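K.L.:
If you want the building blocks of each chain, they are given just below.
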Amino acid sequence: MNIVVCIKQVPGTTKVAINPATNTLIREGVEAIVNPFDVYAVEEGIRLREKFGGKVTVIIMGPPQADQAVKTCIGMGVDDGIILSDRAFAGSDTLATSYTLAQGIKKMGGADVILTGKQAMDGDTAQVGPGIANWLDIPFVAWVKKIEDVNLAGKTIRVERMMDDGYEVIQSSLPMLLSVVKEINEPRIESMRGKMKAKSYKPVIWNAKDIECDPDFIGLRGSPTLVNRVFVPVRSGKKEIIEGATVEAKAESVVNKLRAAKLIN
Amino acid sequence: MAIKVLNEKCVGCKLCLPTCAQGAITMSDTKKAFIDPVKCNYCGACLDACKKFKAILIQVDRKVSDVDLSLYKGIWVYAEQRQGEIASVVYELLNEGRKLATQLGEELCAVLIGNNVTHRANELILHGADKVYVVDSNCLKDFNDESYSKALVALVEEYKPNIILTGATALGRSFIPKVAVMLETGLTADCTQLDIDEYTKLLLQTRPAFGGNLMATITCPSFRPQMATVRHKVFKKAAKDPNRKGLIITKNIQEDCLLARTKLIDFVKEVESTVNLSEADIIVSGGRGLGEAKNFSLVRELAQQINGAVGASRAAVDAGWIPYSHQVGQTGKTVCPKLYIAVGISGSIQHMAGMQSSENIIAINKDPQAPIFEIATYGIVGDLFEVIPALIAKIKK
Ligand SMILES: Cc1cc2nc3c(=O)[nH]c(=O)nc-3n(C[C@H](O)[C@H](O)[C@H](O)COP(=O)(O)OP(=O)(O)OC[C@H]3O[C@@H](n4cnc5c(N)ncnc54)[C@H](O)[C@@H]3O)c2cc1C
Ligand SMILES: Cc1cc2nc3c(=O)[nH]c(=O)nc-3n(C[C@H](O)[C@H](O)[C@H](O)COP(=O)(O)OP(=O)(O)OC[C@H]3O[C@@H](n4cnc5c(N)ncnc54)[C@H](O)[C@@H]3O)c2cc1C
Ligand code: SF4
Ligand code: SF4
Numbered sequence: 001m002n003i004v005v006c007i008k009q010v011p012g013t014t015k016v017a018i019n020p021a022t023n024t025l026i027r028e029g030v031e032a033i034v035n036p037f038d039v040y041a042v043e044e045g046i047r048l049r050e051k052f053g054g055k056v057t058v059i060i061m062g063p064p065q066a067d068q069a070v071k072t073c074i075g076m077g078v079d080d081g082i083i084l085s086d087r088a089f090a091g092s093d094t095l096a097t098s099y100t101l102a103q104g105i106k107k108m109g110g111a112d113v114i115l116t117g118k119q120a121m122d123g124d125t126a127q128v129g130p131g132i133a134n135w136l137d138i139p140f141v142a143w144v145k146k147i148e149d150v151n152l153a154g155k156t157i158r159v160e161r162m163m164d165d166g167y168e169v170i171q172s173s174l175p176m177l178l179s180v181v182k183e184i185n186e187p188r189i190e191s192m193r194g195k196m197k198a199k200s201y202k203p204v205i206w207n208a209k210d211i212e213c214d215p216d217f218i219g220l221r222g223s224p225t226l227v228n229r230v231f232v233p234v235r236s237g238k239k240e241i242i243e244g245a246t247v248e249a250k251a252e253s254v255v256n257k258l259r260a261a262k263l264i265n
Numbered sequence: 266m267a268i269k270v271l272n273e274k275c276v277g278c279k280l281c282l283p284t285c286a287q288g289a290i291t292m293s294d295t296k297k298a299f300i301d302p303v304k305c306n307y308c309g310a311c312l313d314a315c316k317k318f319k320a321i322l323i324q325v326d327r328k329v330s331d332v333d334l335s336l337y338k339g340i341w342v343y344a345e346q347r348q349g350e351i352a353s354v355v356y357e358l359l360n361e362g363r364k365l366a367t368q369l370g371e372e373l374c375a376v377l378i379g380n381n382v383t384h385r386a387n388e389l390i391l392h393g394a395d396k397v398y399v400v401d402s403n404c405l406k407d408f409n410d411e412s413y414s415k416a417l418v419a420l421v422e423e424y425k426p427n428i429i430l431t432g433a434t435a436l437g438r439s440f441i442p443k444v445a446v447m448l449e450t451g452l453t454a455d456c457t458q459l460d461i462d463e464y465t466k467l468l469l470q471t472r473p474a475f476g477g478n479l480m481a482t483i484t485c486p487s488f489r490p491q492m493a494t495v496r497h498k499v500f501k502k503a504a505k506d507p508n509r510k511g512l513i514i515t516k517n518i519q520e521d522c523l524l525a526r527t528k529l530i531d532f533v534k535e536v537e538s539t540v541n542l543s544e545a546d547i548i549v550s551g552g553r554g555l556g557e558a559k560n561f562s563l564v565r566e567l568a569q570q571i572n573g574a575v576g577a578s579r580a581a582v583d584a585g586w587i588p589y590s591h592q593v594g595q596t597g598k599t600v601c602p603k604l605y606i607a608v609g610i611s612g613s614i615q616h617m618a619g620m621q622s623s624e625n626i627i628a629i630n631k632d633p634q635a636p637i638f639e640i641a642t643y644g645i646v647g648d649l650f651e652v653i654p655a656l657i658a659k660i661k662k
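Taken in order, these protein sequences are the chains called A and B.
The letter at position 61 of the first sequence is residue 61 when you use our numbering, and the numbering goes up by one with no holes.
For any residue, its number in our numbering is found by taking its place in the second sequence, counting from 1, and adding 265.
Worth flagging that the hints you see were computed from the coordinates, not collected in a lab.
Fair warning: this is a prediction, and the values are worked out from it, not measured in the lab.
From the three backbone atoms N, C-alpha and C, an ideal C-beta is built for every residue, glycine too.
The reader is advised that the hints may include incorrect statements.
Stated by the list, open to error - What follows is a list of derived Cβ distance ranges for each label pair:
#	chain 1	residue 1	chain 2	residue 2	range
1	B	302	A	233	27 to 33 Å
2	A	53	B	654	54 to 60 Å
3	A	64	B	336	41 to 47 Å
4	B	462	A	188	48 to 54 Å
5	B	504	A	239	30 to 36 Å
6	A	188	B	533	24 to 30 Å
7	A	262	B	272	39 to 45 Å
8	B	333	A	241	55 to 61 Å
Please build the complete structure, drawing on both the sequences and the hints.
P.N.:
In structure tokens:
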């Protein structure tokens, strides 16, 4: 079974703040990590290989430093890693990102199952996975919480997809793409042997030409959306601490406020 | 592609610095802005900050579409339904869509896709739609990403809307990205604010990113339709006018054009209360402060008294006190109710990412330093085992 997992490298925290002295955006703990959701996708990829044999490859679009993220995955037990890196990819929105990743996967010779995380911790759009599937013209299922069954001979897969009020059991033909939620598994930590392998591992790096990108579809040029403005939201919390001599008094005060605001009856 | 600061125009006002999410801008020794081309991802945010001085220049030849954009007219709302039941976010979008339609002087339409759904079209008209486009077909019985995408794309290609709004539900966020790629246009995810730019008439789509710690306003200048998914509960529902009249336009699509490679086998309803967390007006959430599984009954009882849904922090879910489908936060659900009551929850960044845009937040915690109080409308410092029963008693009165 040929398994490809798409991983994104993201800043280790989503905490952002304005430094009042320099008026710059500061991000604490700037070390980059593998997008937390993608770790579940990597784990699921490795489990599929353990069951059905074959190979797991991670693919990442990002700067050459993304090899750190690849190494983490190698440490977990992934066989290979590919980085798509080119200045021409800068400024990609989800349309361009999904196109670029699809081109990379094509160059790899495709896959039976492609896994992505539910969404990236920074961009938060959850649009890249479905996009890749469309460029590759394969079916996809989002929010998968369990792979029930894979029938390699019959080329089908059965999965459970989380909805807002329960889950759906869905059957799909292979090849296909699925995005996973954290409920799907408990990711393993890097093994000692894996870490040793990761240390000397050098991922393959492909640029736009290597994966035969149409320049009209990559980077800023290929991105229909434009970020006009980025700002830190003002918190509207009134931060009123309810005073009261007794618990009963506090409770009464809050209930009165909620009734006055017609929030409760 | 290149970015540069025109030193002769830069006045050193530093306005651009806080707008750069990549941390690419610094001030040089000569008090001019300097942009690190390696860190910059050409998002364009700093250009807006320097509108006044026009000191920042991005040189890029963006692809422009070869179609006439002025042919694209009208605001469409995707009328999400399952088993014929229209999602409540649709009525919220009709309300907001009306505002945009008035600003643009264009019509507001709804799109209804499914099987045996035509009779629901009038409901959409009564809530503000001027027209309803309907695709009603046997092969659209169960929701299916591929079939539904194909149906919507067929409508877009024929009727050319300017804007398409869809609820940012599990279903909407699953299939709309495919539609956007099929149409090769832009899509903004999970918006919480929509507006029309006075001059360019573009849709200004504002959304939280970085787990709600950063807001971004996004446009789609040269492709159509302009597409956005929109979070529930941000806009009020449209009022119903029993006398409204509108047009229903039915499009027949051949079944073999709607075929899909995935199939729904079964649906298992999972949420313990009947209220859907993402759509609830009131949510009472419990955290590790509850101490053990059986104490969750306190949260449930409070929720029941005020008609709320039950949520939880990850700590409570990981402890096995309540299923994952109730988890609120970065790796759980994002909710935006009118009232969110956090019981014994400390207020980690990850938890707040999922609930900080709630209209009113009440925090109950015994630790006055708990970060949750920072975003609370009202905070009660105290032992939840005393506070909750007292609240329930007052509410019952
Ligand atoms: C503040 C802000 C707001 C933005 N809003 C939008 C928007 O509304 N619409 C839009 O089109 N773009 C938007 N972008 C751009 C968007 O973040 C980038 O296109 C990004 O490359 C991919 O989107 P994402 O981070 O949301 O990933 P998601 O779509 O959330 O990622 C889903 C999965 O796809 C895979 N994946 C994603 N990126 C990569 C990668 N580089 N390499 C390998 N696998 C990957 C991972 O498995 C990941 O779990 C925004 C950017 C910023 C900074
Ligand atoms: C990648 C990642 C993703 C995550 N995603 C999520 C997510 O989606 N959602 C989420 O919630 N968390 C998430 N977390 C976990 C998060 O970091 C916190 O660990 C978690 O939210 C803590 O839950 P809590 O507030 O219930 O517990 P704690 O932080 O332990 O807080 C318990 C609180 O209860 C108070 N308390 C104790 N006893 C009482 C009493 N008798 N009366 C009143 N107050 C009392 C304490 O003062 C304390 O403030 C994530 C973490 C990571 C690393
Ligand atoms: S906003 Fe413009 S003028 Fe002000 S420092 Fe930045 S580049 Fe210079
Ligand atoms: S274009 Fe975006 S990333 Fe580049 S310097 Fe300006 S704000 Fe920063």
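K.L.:
State for each hint whether it applies.
P.N.:
Okay, the hints, checked on the actual structure:
About 29 Å separates the C-beta atoms of residue 302 of chain B and residue 233 of chain A, a value consistent with the hinted range of 27 to 33 Å. Distance hint for residue 53 of chain A and residue 654 of chain B: a CB-CB separation of about 58 Å, consistent with the stated range 54 to 60 Å. Distance hint check: the CB atoms of residue 64 of chain A and residue 336 of chain B are about 43 Å apart, consistent with the given range 41 to 47 Å. In this structure, residue 462 of chain B and residue 188 of chain A meet the distance hint of 48 to 54 Å, their C-beta atoms being roughly 49 Å apart.
The given range of 30 to 36 Å is respected by residue 504 of chain B and residue 239 of chain A, whose C-beta atoms sit roughly 34 Å from each other. Remark: the range hint 24 to 30 Å for residue 188 of chain A to residue 533 of chain B is upheld by a beta-carbon distance near 28 Å. Between residue 262 of chain A and residue 272 of chain B, the C-beta spacing of about 57 Å breaks the proposed range 39 to 45 Å. Roughly 59 Å separates the CB atoms of residue 333 of chain B and residue 241 of chain A, a value that falls within the hinted 55 to 61 Å.
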